[in-house]
Structures are given as C-alpha cells and as structure tokens.
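Asks: With the hints as extra help, turn the sequences into a complete structure.
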Amino acid sequence: MSWENRNFKLLLVEDNKLNQIVVKFSLKRFGYDIVTANNGIEAIEEFKKNEFDFILMDVMMPEMDGLEATKQIRQLENGHEIPIIALTADVITATANKCRDSGMTAHMSKPFEVEKLFEILESLNL
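Residue numbering for the sequence shown follows the working numbering, beginning at 1185 and increasing consecutively.
Please keep in mind that the hints were generated in silico from the structure rather than gathered at the bench.
Since the structure is predicted, the reported quantities are computational estimates derived from the model, not experimental observations.
A couple of the hints might just be wrong.
As the list claims (entries may be wrong) - DSS-like, lysine-lysine: derived pairs with alpha carbons at most 25 angstroms apart:
(1) Lys1255 - Lys1294
(2) Lys1208 - Lys1294
(3) Lys1233 - Lys1208
(4) Lys1193 - Lys1212
(5) Lys1282 - Lys1255
(6) Lys1300 - Lys1208
(7) Lys1201 - Lys1233
(8) Lys1212 - Lys1232
(9) Lys1255 - Lys1193
(10) Lys1300 - Lys1212
(11) Lys1232 - Lys1201
(12) Lys1208 - Lys1193
(13) Lys1300 - Lys1201
(14) Lys1300 - Lys1282
(15) Lys1233 - Lys1193
(16) Lys1282 - Lys1212
(17) Lys1300 - Lys1233
Replies: See below:
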C-alpha cells in the first residue's frame, strides 16, 4: 500500500518526548519525514512554514491543546484540507466527538500503533 512505501512528510505534535521517540522510530523505517512540534503553538508555526501530507496531533498538551491547534490550522488552510489524526490516551466517546468537532479527520488512541495508523491512512485514501 502507498502508506507503507510513500515518503510522507508529517507533522508530529506531541509534548511527551518518549511518545515522540516511539512514533519516530515506528515510522522512520518506512521513509517518513517527520517534523516535531511540542505543543499547539509550535504546530501552527510549523504548519505555516512547511507542507505536510498529514498531521498526528496529541489532544492534551500545555500552552495550546490539539483541539484549539486544529481549529486554528483549519482557518489557515487555503482550500486543501490536510488530514489531522488525533492521538489521545482518552478513549471516551466524548473525546472522539470533541476531536471531530474541532476539525480532526480521524482519531487513534495511545499507545501509538503503526498498524492502526496505516488503517486510518488507507481509509483516507492516502
């Protein structure tokens, strides 16, 4: 599938360094180019500077959470909606609904599983 052999450029927005390492380690072997932001504020700045194939966005972060960052990124887009996939340890249905309401494209729970990401990418036709 294209998500396994395509050199995607993605923005990883995650405040936990260990989680950053896990995601990077899991995806770099597929040739993905990963830019990291530690919070929503940094995510918006990276979004303004770079073009990404998709964003993995932690929901709960200091300074600016993933929900607010997603809303602001959606306001900056010029007709091309980038897939934003929520990463959260909270698996409650209400959280999934909040993610969707903020403009996130999909939702996956932590711990990060590369197979689950590939399922989501396939469902998004990436």
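Asks: Please name the hints from earlier in the document that this structure breaks, with their numbers sorted from lowest to highest.
Replies: Numbers 16, 17, in rising order.
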